[in-house]
Structure formats: C-alpha cells, structure tokens
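I would like the entire structure built from these sequences, with the hints used as guidance.
Mind the numbering: the sequence shown is residues 616 to 965 in this note's numbering, read in order.
Where hints are given, some of them may not hold.
To be verified - In the DMTMM-like style, the derived pairs of lysine to aspartate or glutamate whose C-alpha atoms are separated by at most 25 Å in a straight line are:
1) K674 to E729
2) K897 to E848
3) K746 to E888
4) K746 to D759
5) K674 to D747
6) K674 to D765
7) K897 to D926
8) K772 to D759
9) K674 to D722
10) K897 to E854
11) K873 to D949
12) K731 to E703
As the list claims (entries may be wrong) - Label pairs and their computed distance ranges (CB to CB):
13) D752 to Q964: 43 to 51 Å
14) L813 to T654: 41 to 49 Å
15) A822 to L779: 48 to 56 Å
16) D910 to G803: 17 to 25 Å
17) K814 to E745: 27 to 35 Å
18) E745 to P965: 34 to 42 Å
Don't read these hints as lab results, they were simulated from the structure. Source: prediction; values computed, not measured. Ideal Cβ positions, reconstructed from N, Cα and C, are used throughout, including at glycine.
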Amino acid sequence: MSKSKRFCIGVLSALLAALLLCAGTVFVVDPLQVYRQATWYTPLIDYVTQVYTNAGIAKHYSYDSAIVGTSLTENSAPSLYDELFGGEWIKLVTSGGTAHNHAILMDVAFRTREMKRIVYGLDIYSFIAEKDETAQDVPMYLYDDNPFNDASYLLNKDILFDRLYETYQYNAEGLTYLTRDSMYYWGGNYEFSEEEVLKGVNPTAGAPDQWDISIYERQMNDNLEYNLLPFIEQHPETEFLIYFPPYSVMEYVLMRQKGHLDFVLNMKDLITERLLPYENVKLYDFQTRADWVLDLNNYKDTTHHSPEINDAIAYALAADEGRVNDIYDVYEHDEQIYDWVDIVSEGGQP
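Shown next as structure tokens:
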C-alpha cells in the first residue's frame, strides 16, 4: 500500500473517530434529554432551546396530564394541578406558539402514553396562522421515533461546544433547582403593575375601521380541523379543559385601536360553537373575570398576567367556575368587553 493511500486511510479513520467521539459524547450526556430524562445532572431548560427541549420532555418525563399553551401558560404550576385534579401533570408549552406548535406536542403525548386530561389555553391569535405554521423552526426529527435521522443533534457544534459547557457550568455553580413548576417559568423576571401595562398605551386614542370579521376564518377552521379537533375526537377518554385566557382590559382597547377587536371576538364565537358539542370538552371563558382583567396590577403588559393568575385559573377550573354552557354565555361576554372598551376609550374606569 502506498504512503499516500495509507495517509488517506489514516485521515479518514481519525475523522471517523472524531465524529464518533462527538456523537457519543452528545448521546451519553444528552443535554436536551432527547433520548432519556436526565438523572445524574440537572438539565438546563430555557427559552433558547425550547423547541428542542420540549421534544425530550414530551417523550421521556412521567405524566398523564398536560398544560398546553403559549407564554400565558408558562407560569402554571403542575404541582398545583396534581393537588387539584389528581394524576401527574407537566407543561407542554411554546412561547408564542401556534396551534400547530401545540399539536406537535400533543401528538407526542398521545403517542407515548394514555392521557387523562389536557388543560389548553386557547389564544385566538394562535389560530390565525396557517395550519402547518409554527412560531419557530421545529426540529421535527427529534419528535419522531426514528433514531437514524438524529445526526443534526448528535453532530451539532452548538450542542457540543456551547450547550454541553453551559450544562456543566449550570451544575458546577450549584444552579440545579429544577422542578416541573420551574420549567419555562418567567414570573420572577418582570414587574406586574398598572404602570408597566400603560407604558406606550394611549387608552383614548382613536380607533380605525374594524377589519372584516371573517378575515382569518379559513385559517381558524383549518387549525381546528388539523390541530385540535382530531385529538378531541380520537381520544374520547381524555378530558379537555379549554379556556380563553384573561387578557387585561387594555388589550381589548388596543385590539380596537388596531382594528382587530371585531374579528377576534367573532373567531372566539365560532370556536365556541365548534367545541361545545363535544362531551369530553369543558370550555371556560375568563376574559370578563372582572377581578382579574380590570386590575392592571395583575399584568406586566396588556396580555401577560402574573403567576398568581395562573394559580387562580387552576382553582377556577377545578371548581368549574367560568364554564361556558352555551353560545349565549360568550355573546354576553362579548358585550361586556365592548362596554368596557367604550368606557376606557372615553377616559373612564370600568
């Protein structure tokens, strides 16, 4: 064998060995818990890699019930749901998530275990995206059951050089407090006050013509048909507690100022009509819960409420408070919202 041939073989062998070492290191440590729940170190679970870490959480953590939704559900406490409903709860949440983001996580949950309950925070804006649109690029190869398409994770330089080091540093510094409640929790990072909510908001600003109420009706129906109703219909044994989250009254004022209010409330009405007939669905509307939505000190901005409201939602669901029994309940809530918006827009206090 010539020297040049031996050299090439040596280089290729060294390269292969290096690749195997890199892949093996990522596989063994598995900083994003793609293959197993971490037991010998505390994983670093944060927003930077949320769509990656969600795959491992959905696959490998122990749970039989889940809280699903956007950032408005991220401060929820699964331990409180354990206490109120029984079972073992987890958060399957995506910051700014679309209905398809939620469907991806529910698909893993239902594929890997028997689910008792789903608490689903239904943001109308999550249903105006296209049915296959996600808020971020989702590495779908991590959500499937095919181990042969994981090279992008095993040989990812960011995982190898950055995430492994960050995980080591996180544990070396003793920052190892992690519970199901603390995953994606951001409640301690912000100030919740009327002053914060009103920054940059002019409640008495004029309102343009409202958008056509049917502007996103196709997308809404597509999202229901592809991203929510299939789970409800295919799993009659699972109870779905679906709620419209309590935005502050200022969010509705801004909606009217942007021309959105009519179409948002119309979509809410249409979604309600689609969900009410299902026997395994309980629908709740907290958007006119006056003690929550009129007290701006419960919010950090016009939509995001404090962790105390997340807890209050859990208690309300357990007590069956805020239940929507027929479409006329929601019609009444719509009228209440319009009344509040009129009062605030005229400089008054509801």
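(request) Would you list, in rising numerical order, the hints stated earlier that this structure does not obey? (result) The structure conflicts with no hint, since it agrees with every one listed earlier.
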